[in-house]
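Dock chain B against chain A, hints included.
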Amino acid sequence: MAHLIKLELKKFGIARNIIFTFAAILFSILFITVSLWDSMTDPEQTKDTFESTYLVIGLLTSFIFLVYSSVLTARLIIEEYNQRTITILFSYPLNRMELIAGKLIIIMVYTAVSMTAGYLCCSGYIVFADRHFDMLEGTFRISMLRTWIPMAITTVAVCTVLSLWPFIIGMIRKSVPAAIITSLIVIVFRQVIISKNAADHESLLQLFLTAVITFGAALFIFKKKVPELY
Amino acid sequence: MDHIMETSGLRKSYKGNVVVNDVNIHVPKGSIYGFVGPNGAGKSTVMKMILNLIRPEAGEVRLFGEKVTGQSCEIFKRVGSIIENPYFYEKMTARQNLDLHCDYMGFPNKERIDEVLQMVDLQNAERKQVRHYSLGMKQRLAIARAILARPEFLILDEPVNALDPEGIREMRHLFQQLNQEEGTTIFISNHILSEVDLIADTIGIIQHGNLLAELPIEEIHKHQAEYISLQVDDAAHAAALLEQMGVTNFSVLDKEFIRIYDPDISGKILSKTLIENGVGLESLGRSQDTLEDYFFQLTENGK
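These protein sequence lines are chains A and B, in that order. For the record, in the first sequence the residue sitting at position 27 is 27 according to the working numbering, with numbers rising by one throughout. For the record, in the second sequence the residue sitting at position 190 is 420 according to the working numbering, with numbers rising by one throughout.
Treat the hints with care, since some could be wrong.
Claimed, not checked - To give an idea of the interface, some chain A residues facing chain B are shown, with a C-beta separation under 7 Å as derived from the structure:
id : residue
1  : Arg84
2  : Phe90
3  : Pro93
4  : Asn95
Calculated from the structure, these hints are not laboratory results. Here the structure is a predicted model, which is why all the values come from computation and not from measurement. The beta carbon of each residue, even a glycine, is placed where N, CA and C say it ideally should be.
Just chain A, same shape as in the assembly (with noise of 0.2 Å):
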């Protein structure tokens, strides 16, 4: 499997993707800037406190590497049988699931270290911007880590295994449009269902329930789905 993991990052393009990681939590941080300056500037608003912004950064990371990872689907997984050439994969002395499984990890791993990457970087910012312009409500507490942390990490793995998503729906069809917009919905739908979460993040039962139904998900395209070529 790590063989194939090494064969598939060949054409993944790491440094490609190390880029628009770097390019994502670049707007990720003007983007709250924007927003802190907005409120700090405007006399009729009052400045923002350091969890509104940290639920900002949440959802910013979460929606933009869940949609990038439909994209990495769509590039690594559902063009190759759009395009053929996962005849010539299929046709190698390789195991056809454990290819298929390794772009998959691939896509996860990306999309955990990347959102990882996004909170680290832009909590440190608003830490910084406050520090040294005074840019939100209150000053940040050590302390304050004992909520984000948790949040982070659940957030981080319940869209690691809601990446899945376009995997499964795009290959009923193989359709790129249908990996997408499928993001697009998992997004909004993860959004109601947190909204009515006292802590604006998945318990860790729902956590369990949704790796349980994904993963149910993706075998069933595994066993159906994935060795048909058309």
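Below, chain B without anything else, positioned relative to chain A:
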């Protein structure tokens, strides 16, 4: 006989439409097996089943004596193939595509890439992205990829499609060289029957999913009769004259063409008789049945 690939009772249907029915193919080791049939006859479907790209509904494929199943992997290290069109990672160069192929096949000798690029005459275009290649160049590159890992068995689905006559000849020589010098067994489909006739030593003819015949090319050549071909302005009149001359073994192909399967008849007497009786003679010549004639005899009987 030692067969490198065999199928028995192979069957496949799509939405109730049977596309391959009870196909039994036997590819002798070291042979070049020409697999011919009209478009939609089931050639590509059979080839995909051999490569385990689609699963047969019934029957089995045996490669190197081993039954091909969903779990068969290692066996394909010994197989090179081109199926349907030449597919590549279009944004990669020819060399990158071949390099990737070596990695997937577990073939360590990457110096062989230069060798195969030379063999298909693409050594000067190897740094170009494949999307800038013409279809003919892609076809050559697909051949290079198929032979790269020195396969013992080559499955080639219409490999000379889109090649110019010079390219077709070069590839024919390449396949013959691989077969004779490296002992590669080749299973090749081609709709250009004259091309198959030139290269294959065993022929399988498929139509409507049924294998109509499988025999050595010498067998076909044995049955290929010599004939006199006549082109006249009135075939019915000419046929009546032939009967008067006592010639019975002939067939009228259409309003103009007649074939006489009696090569002992003098062309001089024939032309004289026809002209003297007012039949306009456009041409007269001696020919021999080709694989194409055999193919049409067989497929028209099969209709």
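Just pull the numbers of the violated hints for me, sorted ascending. No numbers; nothing is violated.
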